[in-house]
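Novice: Residues per chain are reported as follows:
Protein chains: 2
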Amino acid sequence: AVYGARKMEDYGRFLALLVSALLVGFVSVIFSLVWVFHYREGLSWDGSTREFNWHPVLIITGFVFIQGIAIIVYRLPWTWKCSKVLMKFIHAGLNTIAMILAIVSMVAVFEYHNAGNIPNMYSLHSWIGLAAVIFYSLQLFLGFAVFLLPFAPVSLRTAVMPIHVYSGLTIFATVIATALMGITEKLIFSLRSNPAYSESPPEATLVNCLGVLLVIFGIFILWMASRPYWKRPPEENAKALLTTGGTPEGTEAESTMTDGGNADESDLRSNSEAARKQNLKLDEAGQRSTM
Amino acid sequence: AVYGARKMEDYGRFLALLVSALLVGFVSVIFSLVWVFHYREGLSWDGSTREFNWHPVLIITGFVFIQGIAIIVYRLPWTWKCSKVLMKFIHAGLNTIAMILAIVSMVAVFEYHNAGNIPNMYSLHSWIGLAAVIFYSLQLFLGFAVFLLPFAPVSLRTAVMPIHVYSGLTIFATVIATALMGITEKLIFSLRSNPAYSESPPEATLVNCLGVLLVIFGIFILWMASRPYWKRPPEENAKALLTTGGTPEGTEAESTMTDGGNADESDLRSNSEAARKQNLKLDEAGQRSTM
Numbered sequence: 001a002v003y004g005a006r007k008m009e010d011y012g013r014f015l016a017l018l019v020s021a022l023l024v025g026f027v028s029v030i031f032s033l034v035w036v037f038h039y040r041e042g043l044s045w046d047g048s049t050r051e052f053n054w055h056p057v058l059i060i061t062g063f064v065f066i067q068g069i070a071i072i073v074y075r076l077p078w079t080w081k082c083s084k085v086l087m088k089f090i091h092a093g094l095n096t097i098a099m100i101l102a103i104v105s106m107v108a109v110f111e112y113h114n115a116g117n118i119p120n121m122y123s124l125h126s127w128i129g130l131a132a133v134i135f136y137s138l139q140l141f142l143g144f145a146v147f148l149l150p151f152a153p154v155s156l157r158t159a160v161m162p163i164h165v166y167s168g169l170t171i172f173a174t175v176i177a178t179a180l181m182g183i184t185e186k187l188i189f190s191l192r193s194n195p196a197y198s199e200s201p202p203e204a205t206l207v208n209c210l211g212v213l214l215v216i217f218g219i220f221i222l223w224m225a226s227r228p229y230w231k232r233p234p235e236e237n238a239k240a241l242l243t244t245g246g247t248p249e250g251t252e253a254e255s256t257m258t259d260g261g262n263a264d265e266s267d268l269r270s271n272s273e274a275a276r277k278q279n280l281k282l283d284e285a286g287q288r289s290t291m
Numbered sequence: 001a002v003y004g005a006r007k008m009e010d011y012g013r014f015l016a017l018l019v020s021a022l023l024v025g026f027v028s029v030i031f032s033l034v035w036v037f038h039y040r041e042g043l044s045w046d047g048s049t050r051e052f053n054w055h056p057v058l059i060i061t062g063f064v065f066i067q068g069i070a071i072i073v074y075r076l077p078w079t080w081k082c083s084k085v086l087m088k089f090i091h092a093g094l095n096t097i098a099m100i101l102a103i104v105s106m107v108a109v110f111e112y113h114n115a116g117n118i119p120n121m122y123s124l125h126s127w128i129g130l131a132a133v134i135f136y137s138l139q140l141f142l143g144f145a146v147f148l149l150p151f152a153p154v155s156l157r158t159a160v161m162p163i164h165v166y167s168g169l170t171i172f173a174t175v176i177a178t179a180l181m182g183i184t185e186k187l188i189f190s191l192r193s194n195p196a197y198s199e200s201p202p203e204a205t206l207v208n209c210l211g212v213l214l215v216i217f218g219i220f221i222l223w224m225a226s227r228p229y230w231k232r233p234p235e236e237n238a239k240a241l242l243t244t245g246g247t248p249e250g251t252e253a254e255s256t257m258t259d260g261g262n263a264d265e266s267d268l269r270s271n272s273e274a275a276r277k278q279n280l281k282l283d284e285a286g287q288r289s290t291m
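Protein chains in written order, with UniProt numbering: chain P, 1 to 291; chain S, 1 to 291.
Just chain P, with the same shape it has in the complex (with noise of 0.2 Å):
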């Protein structure tokens, strides 16, 4: 009894933080459109600062927010029921869809740097972005190619998964650091006069709230992703490994960034350590932690 109040007390806690980061991510996104449509011009596609507008918005809504939320997927609990390729398969999907909306945000820039004669890939935000891109795409191929292909062997997946999740969480804090030094640009080349950027117009002011937005954002999904009693538990896993017919085999590395619970948590975490074991025991390797 006591141990189900502490798991319905955590599942409130999940679910506050899971509610803070989506609304923080929401407001992001409306924040670079009023930036966009309010001070800038709004969208267009014809080379002009409009096109270039694009750059923000994809980037706010597909290469954060979008994500965000592919990084905790496996989070959700009523998502627990369902099998886990399907789980792998909406992570995949949502970091597609993310790295489309990157990519096309980078060709906006491109060309209305064409269009315009400003040279491309100059400064340290065009450096670290694009890294960040390629680092990405080569992320999910490997990903795919890794736990979603059925043709990697668990010894393969075992090692590939603690660095699938390490280089996972730090693209993502790279690409708010970069979107930061995005910010920073736009805001000095559009600002330079009447009013200035050191003058802290509205606009300013609304767009640095974006900014401090966005690492709260990313602060919210990296603790989320980041403390293990919050996972997936394995149990499920094994189910939907009977129902497809698959055979447990191996051992299975703990692959999440784990971060133990506190005083408050003793039973929980009891109950995560006996689930670890079982977990040995029952899992297939490398397919629990794909978060």
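As the list makes no split between identical chains, a pair holds if one copy fits it or if it spans any two.
SDA-like, lysine to any residue: derived pairs with alpha carbons at most 25 Å apart:
(1) Lys7 x Ala159
(2) Lys81 x Pro233
(3) Lys7 x Pro77
(4) Lys7 x His164
(5) Lys7 x Leu156
(6) Lys186 x Thr61
(7) Lys7 x Ser155
(8) Lys7 x Tyr166
(9) Lys88 x Phe220
(10) Lys7 x Ile163
(11) Lys186 x Trp127
(12) Lys7 x Val154
(13) Lys186 x Phe26
(14) Lys186 x Glu199
(15) Lys88 x Leu142
(16) Lys186 x Glu203
(17) Lys186 x Ile118
(18) Lys88 x Val73
Simulated from the structure, these hints should not be mistaken for lab results.
Given the coordinates of chain P, work out where chain S should sit on it, guided by the hints.
Specialist: Below, chain S alone, put in the same frame as chain P:
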């Protein structure tokens, strides 16, 4: 024997990573000095742009490099024979040095702005940078009160530890993101024309590379900090407890961002599993995983 070989190999990997991180951090400091002395009139404390120049040098030396070392100081295998409380003093001491250097570097910017009638605190860089310094100072103060002073009960230490670890790593990542914004700002402001930033003069290339090095340094440090198999082993802790006359009490939260080994390390992993169990019995709560 196989286990010993694995352990040696793992030690070698840790050393290789540590040397790489130190090298990247060291080269970053050198790059900041080359930037300031070769391209930007050097350093002084006179309200001129040379006073501003202390800002990047002190941030990269203190708030990035020294903070990075403070984060991984518990991971250095040759410190495992030292008492835990000594290591805590070193961790807190390095973070205190980093905090002082960060504050001095902020004073340099405020004095430079005030001397030249440039507004303060208008940019996203300044907002997030000031927030990072404030949270860093709070983190240091709370860490000292909870983990170094002998008054906090075990339950409090256990509850605070995961938050201490997560906010420490998050602040470190945010500091690097803020440095990237600062680099972007400074290159745009100081390379307006003849040459402009967009013409990619050598200074721009050097400082862009500095930004890339900071990201690589962060990736190395956070990887080392989040591998569970490189944690300070609990046995040494128990030994230290015995020699200082402390009594083992309670259980301890697993508080490092953890991400289990891969297939090659199954021996190591089962060893750390055993160590964790022993730890639950022996270790003093909240003491072990200050990193």
